[in-house]
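Novice: These are the residues of each chain, in order.
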Amino acid sequence: MNTFGMAVLIGLVGIFCILDSRLLGRLNFEQPLITSAIVGLLLGNPTAGLASGATIELMSMGLVQVGAAVPPDMCMAGIIATAFAILTSADPQTAVAIAVPIAVLGQLLGVLFRTVIAGLGHAADAAIDEGEFKKVTNYHIVWGTVLYSLMYFIPIFLAIYLGTGFVQNLVDAIPAWFTNGLDFAAKLLTAYGLALLLSMMMNKGMMAFFLVGFFVCAYGGLSVTAISIFGVLVAIILTTLRFGKDSRPALGSDEDHDSLEDDD
Amino acid sequence: MANTTTQTGHDTPTTAMQSGPKDSIPVSASKRCRQFFWRSWAIQDSWNYERQMNMGFLYGIAPTIDRLYPDENDPQQVEKRKEAYKRHMAFYNCTPQTSAFVLGLSSSMEEEYACDPEHFDPETINAVKTSLMGPLSGIGDSFFQGTIRVIAFGLGASLAAQGSFLGPILAMVISAAFSIPITYYCGKFGYEMGNSYLERLQHGAMEKVMYACGIVGLMAIGGMVATMVDITTPATFASGTLELQSVLDQIFPQMLSIAAVMVMYGLIKKNVKTGWLLVICILGGILLSACGVLA
Chain E
34 MNTFGMAVLI
44 GLVGIFCILD
54 SRLLGRLNFE
64 QPLITSAIVG
74 LLLGNPTAGL
84 ASGATIELMS
94 MGLVQVGAAV
104 PPDMCMAGII
114 ATAFAILTSA
124 DPQTAVAIAV
134 PIAVLGQLLG
144 VLFRTVIAGL
154 GHAADAAIDE
164 GEFKKVTNYH
174 IVWGTVLYSL
184 MYFIPIFLAI
194 YLGTGFVQNL
204 VDAIPAWFTN
214 GLDFAAKLLT
224 AYGLALLLSM
234 MMNKGMMAFF
244 LVGFFVCAYG
254 GLSVTAISIF
264 GVLVAIILTT
274 LRFGKDSRPA
284 LGSDEDHDSL
294 EDDD
Chain R
5 MANTTTQTGH
15 DTPTTAMQSG
25 PKDSIPVSAS
35 KRCRQFFWRS
45 WAIQDSWNYE
55 RQMNMGFLYG
65 IAPTIDRLYP
75 DENDPQQVEK
85 RKEAYKRHMA
95 FYNCTPQTSA
105 FVLGLSSSME
115 EEYACDPEHF
125 DPETINAVKT
135 SLMGPLSGIG
145 DSFFQGTIRV
155 IAFGLGASLA
165 AQGSFLGPIL
175 AMVISAAFSI
185 PITYYCGKFG
195 YEMGNSYLER
205 LQHGAMEKVM
215 YACGIVGLMA
225 IGGMVATMVD
235 ITTPATFASG
245 TLELQSVLDQ
255 IFPQMLSIAA
265 VMVMYGLIKK
275 NVKTGWLLVI
285 CILGGILLSA
295 CGVLA
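Chains E and R, in that order, are what the protein sequence lines are. Residue 34 is where the first sequence starts when you use the numbering used here, and the numbers rise one by one after that. Residue 5 is where the second sequence starts when you use the numbering used here, and the numbers rise one by one after that.
It is possible that some hints are incorrect.
To be verified - Straight-line alpha carbon distances no greater than 25 Å define the calculated DSS-like cross-link-like pairs of lysine-lysine that follow: (1) R/K35 <-> E/K237; (2) R/K86 <-> E/K168; (3) E/K237 <-> R/K274.
What the hints assert, rightly or not - Incomplete in silico selection of chain R near chain E, CB under 8 Å: (4) Q80; (5) V82; (6) P126; (7) N130; (8) A131; (9) G138; (10) G167; (11) P185; (12) Y189; (13) K192; (14) A224.
If you're looking for bench data, these hints aren't it; they were derived computationally from the structure. From the three backbone atoms N, C-alpha and C, an ideal C-beta is built for every residue, glycine too.
My request is simple: use the sequences and hints to build the entire structure.
Specialist: Here it is, written out as structure tokens:
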């Protein structure tokens with residue numbers, strides 16, 4: 034098999050990897066343990082694939098993508114590193130060393146891509162105004178799938194096709210101020226998203242609740258789950274005080290829904 | 005009316021529309037659950053930094069909306085459908101598996117609104133979504149990413165290191181074994197719970213729900229600002245001996261994060277165009293960071 038054919042094959046593994054979290058609700062099929070094994074099978078060296086997968090998996094175990102935070106992209110890195118390890122007969126440890134700069138590059142690409150793809154939302158807004166409903170959902174399910182697939186296929190294909198040295202040079206060539214700037218821009222965009230949410234929820238006299246949530250988490254280091262649980266309790270207490278004892282718990286506070294007490 | 009598929013009769017929304025033809029497609033409970041299932045799995049398909057999973061949620065609830073306002077030639081129904089589509093373009097972010105619950109609940113609320121537009125404030129739907137996504141992603145992420153993933157892949161990696169192909173296979177099986185039933189029943193229970201709650205809601209009770217959801221939602225947003233934005237400044241004074249960040253931290257922690265959100269909030273309230281806000285975020289962000297003002 035020539036380099037081009039292999040690059041295409043490994044790129045397809047990349048598409049499988051990204052679509053796990055896009056279309057399958059993140060079944061964790063994207064993890065290096067799985068994808069490295071597939072790369073090993075495709076390149077005819079399943080044992081080396083398994084070994085690389087186990088090593089990279091343990092290395093990336095602590096990195097979880099939750100909410101808007103993008104950790105170094107070990108999923109993409111795992112695929113490329115395993116392919117390099119097998120193609121150059123390197124041991125899994127070398128593969129891991131290659132994986133780190135690629136993971137950082139993948140993270141940068143992910144941040145940039147997830148910023149740019151916000152444009153799809155604006156195209157969808159316009160399509161709603163025109164009453165093109167099919168188009169609206171297609172922006173999500175067709176365009177989203179295609180663009181995310183390309184976002185994984187292209188860099189993996191290029192990395193395999195053009196080789197390790199090129200990847201390393203590319204990482205070295207990106208100035209630090211640009212990388213840091215993109216990181217900060219991502220934070221500002223998160224702030225913008227939350228401000229949008231705030232402008233939607235804010236009613237007269239409700240500002241205090243937002244500030245309570247903020248300060249309790251900022252000072253106390255509470256998680257969003259914890260503050261939500263307190264929020265539900267505060268909501269139950271205040272709703273009871275304000276509207277009388279008969280008040281039913283709010284829809285949002287279904288935690289205290291007791292099916293045994295339904296018939297009152 | 006052909007809709008006899010649900011016990012509760014909530015699937016008869018077109019009766020509320022005098023002019024609408026009675027050709028809305030009946031849908032079986034199992035088809036509806038399947039739609040919640042697959043579409044909440046696909047909720048991240050257009051994930052972006054601005055409104056995150058908003059289009060994913062819209063994609064999930066679109067079949068319900070389309071069933072409620074099926075007539076493309078009736079301007080009144082088209083208007084209602086546009087309104088509903090726009091409603092679900094709002095910011096949304098939640099673990100895909102537990103999102104099925106929100107999807108089910110919101111769908112039954114949309115049906116309720118279509119039946120009784122006079123007494124049902126549609127703003128309630130987004131308020132409920134917002135107040136649920138915090139706790140549900142907290143629970144979902146820590147369960148699926150924190151617990152199941154670590155167990156499945158810790159086990160799988162140790163088997164794979166011994167050269168056994170059982171490693172990756174076992175990891176896949178464990179992940180799917182939890183993900184599939186939880187997503188399915190989240191959607192089913194969400195929809196059914198919506199029905200049983202909404203039936204009980206008197207018309208005056210909406211104010212109560214809005215108030216309670218507002219409290220939960222706003223407190224959760226406050227928490228997200230404190231934990232998810234994390235803006236700091238690397239600036240120093242007096243030749244590096246005085247760090248501005250530690251001075252700010254002494255006043256109160258995460259001060260710059262809430263300041264950034266409040267500035268954005270102010271700009272949104274002033275109706276500054278979204279495109280400009282995105283440019284401000286990206287170019288301004290790179291500039292501020294490069295000058296060493298913020299990070």
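Novice: Now, for every hint given, state plainly whether the structure supports it.
Specialist: The hints, checked one at a time:
1. Distance restraint check for R/K35 and E/K237: the Cα-Cα separation of roughly 41 Å exceeds the 25 Å cut-off, and the hinted pair is therefore not satisfied.
2. Taking the CA atoms of R/K86 and E/K168, the gap is near 13 Å; set against the 25 Å cutoff, the hint holds.
3. At roughly 17 Å between alpha-carbon atoms, E/K237 and R/K274 fall within 25 Å of each other, so this suggested pair holds.
4. Annotation: R/Q80 was flagged as interfacial toward chain E, and the flag is violated, the nearest CB pair being 13 Å apart, outside 8 Å.
5. The interface hint given for R/V82 is met, as the beta carbon of that residue sits about 6 Å from the closest beta carbon of chain E, less than 8 Å.
6. Given hint, R/P126 at the interface with chain E, is violated; its Cβ is 12 Å from that chain's nearest Cβ, farther than 8 Å.
7. The beta carbon of R/N130 comes within 6 Å of a beta carbon in chain E, closer than 8 Å, and the hint placing it at the interface holds.
8. Nearest Cβ of chain E to the Cβ of R/A131: about 7 Å, under the 8 Å cut. The hint holds.
9. Taken as an interface hint, R/G138 checks out: its beta carbon lies about 4 Å from the nearest beta carbon of chain E, inside 8 Å.
10. Hint on R/G167 holds. Least Cβ distance to chain E is approximately 6 Å, under the 8 Å limit.
11. Nearest Cβ of chain E to the Cβ of R/P185: about 13 Å, over the 8 Å cut. The hint is violated.
12. A distance limit of 8 Å between C-beta atoms decides the matter here; for R/Y189 the minimum to chain E is near 14 Å, and the interface restraint is violated.
13. Look at R/K192: its Cβ only gets to about 14 Å from chain E, farther than 8 Å, so that hint breaks.
14. At its closest, the beta carbon of R/A224 sits 5 Å from a beta carbon of chain E; the interface hint therefore holds under the 8 Å criterion.
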